[in-house]
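Colleague: Each chain is listed here by its residues.
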Amino acid sequence: MHYLIHRFFVLLLLLTGLIGAAEAQFRVEISGVGATQVPIAVARFRDEDRTTQILSAIVRADLERAGVFRGIDTTALIDEAGQPQMSEWRSKGADALVGGSVTRLADGRFDVRFKLWDVVKGKDLGGQSNAVAPADLRLAAHHIADFVYEKLTGEKGVFSTRIAYVTRSGTRYALRVADADGEGGQVALNSPEPIISPAWSPNGQELAYVSFEAQKAVVYAQEVASGKRRVIANFRGSNSAPAWSPDGQSLVATLSREGGSQIFVMGRNGENPRRVTSSPSIDTEATFSPDGRTLYFVSDRSGGPQIYRVPVAGGAVERVSFTGDYNISPALSPDGRYMAYISRQSGAFKLYVAELSKGATPQAITDTRDDESPSFAPNGRLIIYATRSGGRDVLMTTTLDGKIKAKLVSTTADVREPMWGPYDR
Amino acid sequence: MKNIKFTAFALVAAAVMAGCASNVPLENKAAPVESRTPATSSSSSGAATNANSGSKVASVDLTKNTANAELARVVYFDYDSFVIKDEFRPVVEAQAKVLSADRTKKLSVEGHTDERGGSEYNLALGQKRAESVTKALKLLGVNDTQVEAVSFGKERPAVQGSDEAAWAKNRRAELTSR
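So the protein lines, in turn, are chains A and B.
Read in order, the letters of the first sequence are residues 1 to 425 in our numbering.
Read in order, the letters of the second sequence are residues 426 to 603 in our numbering.
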């Protein structure tokens with residue numbers, strides 16, 4: 001029960017041959033079958049082929065990547081004012097239907113309209129109209145997917161959120177910000193030296209990261225919209241692994257300024273660093289729990305690296321990971337229920353998801369061998385991570401049960417260090 | 426005179442290193458038979474000594490680690506290890522000698538790992554390797570202010586490749602003048 005959906009490509013080819021620019025942008029490959037998936041038809045939007053983005057294809061790709069929807073193939077064109085025959089769509093196997101239109105306005109913007117129907121109940125579930133700049137057409141499509149997702153699942157969608165990641169092409173490194181589907185990437189920082197560990201501020205306006213531009217690891221923060229940078233930690237030795245507190249008022253980072261890699265909490269500008277851990281071992285990769293009270297981190301105090309937690313205010317250190325001799329890169333779900341991390345098993349580095357309150361042995365949820373850097377989508381339903389596939393570094397998203405995976409970016413550059421941003425636009 | 430001084434220094438250094446803290450276990454074995462002096466201390470270097478004759482050609486043989494040889498500056502490590510192996514003790518000793526002779530000289534010790542594992546944990550592993558070397562340098566008399574231990578983790582491999590041969594060349598500490 002494993003297949004690849006290349007229907008986007010087919011759909012695009014069927015649609016029209018005059019949108020060459022748009023074709024190249026769809027590289028999302030989805031694999032797997034979820035247990036319960038709502039069959040949904042996303043019809044072609046009226047006049048969407050007159051823009052640079054095929055909105056219906058973006059909406060469908062978003063919904064399929066989420067794991068709870070299954071796209072129904074269709075070449076039908078339905079706009080938001082249409083009166084689709086529900087019996088016809090029921091016979092095609094669709095439980096829900098989306099239609100819409102794109103109209104160019106006199107000021108150069110596009111009026112994007114859509115409507116969602118519950119095919120089973122024959123009911124209009126509502127729609128919206130948004131005037132957007134041409135550069136925001138992709139975002140408009142993601143907002144439509146968010147609307148559909150929320151109407152049909154009762155949970156907030158994450159399709160309009162952003163991700164940050166690092167690309168390397170030869171000796172050129174770039175910190176990039178892209179849509180949650182990996183498309184529309186823009187460079188936030190170009191550097192001849194490595195960049196690692198991007199971390200979104202909780203309001204989505206800043207990225208902290210580690211740059212080696214000074215021939216050593218230094219933590220910076222950068223305003224995404226303006227590009228304005230500031231140094232957060234540039235102490236003697238290495239400065240790395242930044243993570244923000246949930247209120248955005250402080251950061252945690254690994255500093256070696258006192259010898260050894262140890263965890264410090266500091267103000268949002270790096271002021272008043274306070275040492276949290278005190279061990280002769282490596283303590284690093286700290287991340288705040290969603291309530292801001294606990295730090296989860298990696299330490300080799302027991303020999304190999306394992307995951308531990310400690311109160312931010314200081315206190316007893318408690319071990320969290322027990323299976324395997326190499327467990328790193330903890331990430332907590334927004335509700336604090338799950339921890340995603342990387343575990344080495346028989347020489348392979350695999351993404352694991354553990355339910356923190358339960359003693360059940362966690363399971364690997366990938367079939368790749370070089371998984372790295374997991375982080376949760378802000379609704380907690382998807383995890384983004386880096387891995388190797390086909391001899392290349394790639395980014396993947398997966399549902400927490402590992403059943404639905406999508407390969408996101410596949411450009412010429414290798415991609416690493418993904419971090420899913422918050423709800424911010 | 427200078428050589429006697431250095432020999433005495435090296436003996437003291439070896440003794441200090443042999444007895445140093447357990448996390449930098451350097452065994453007290455005889456150093457390999459080779460002596461290295463910095464190419465930068467040019468006034469006493471072999472090639473320059475007889476350069477006053479018009480037809481004289483001084484040969485410099487880098488294969489024999491003569492006085493003009495580039496000072497070795499890389500220490501390689503075993504997998505998951507921070508121990509400076511015997512064969513790299515002379516590298517650390519020679520660098521310590523240079524730094525002790527000139528307190529204005531500064532050195533960056535960059536720790537590196539092979540490609541396996543996470544970037545942040547590898548950064549910390551590389552830091553541990555770098556600090557292993559700076560500790561040894563300080564035990565040999567180098568001032569704390571002269572050396573800085575930093576790490577590139579797995580981000581800057583010396584050689585590409587995903588086999589043990591490549592990994593072994595990437596698990597290293599590089600001693601770089603600042």
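Accuracy of the hints is not assured; some may be wrong.
Unchecked claim - A few chain A residues that face chain B, going by a derived Cβ cut-off under 10 Å, partial list only:
no.	residue
1	Val210
2	Gln215
3	Ser226
4	Gly227
5	Lys228
6	Met266
7	Ser329
To be verified - Pair by pair, the computed Cβ-Cβ distance ranges are:
no.	chain 1	residue 1	chain 2	residue 2	range
8	B	Ser602	A	Thr323	21 to 31 Å
9	A	Glu355	B	Asp527	51 to 61 Å
10	A	Asp107	B	Asp588	41 to 51 Å
11	A	Arg230	B	Ala583	29 to 39 Å
Honestly, the hints are just simulated from the structure, not real lab data.
Being a predicted model, the structure only gives us computed values, none of them experimental.
Glycine included, each C-beta is placed from N, C-alpha and C at the ideal position.
Colleague: Does the structure break any of the earlier hints, and which numbers would those be?
Modeller: When the structure is compared with the hints, numbers 3, 4, 5, 6, 8, 10 turn out to be violated.
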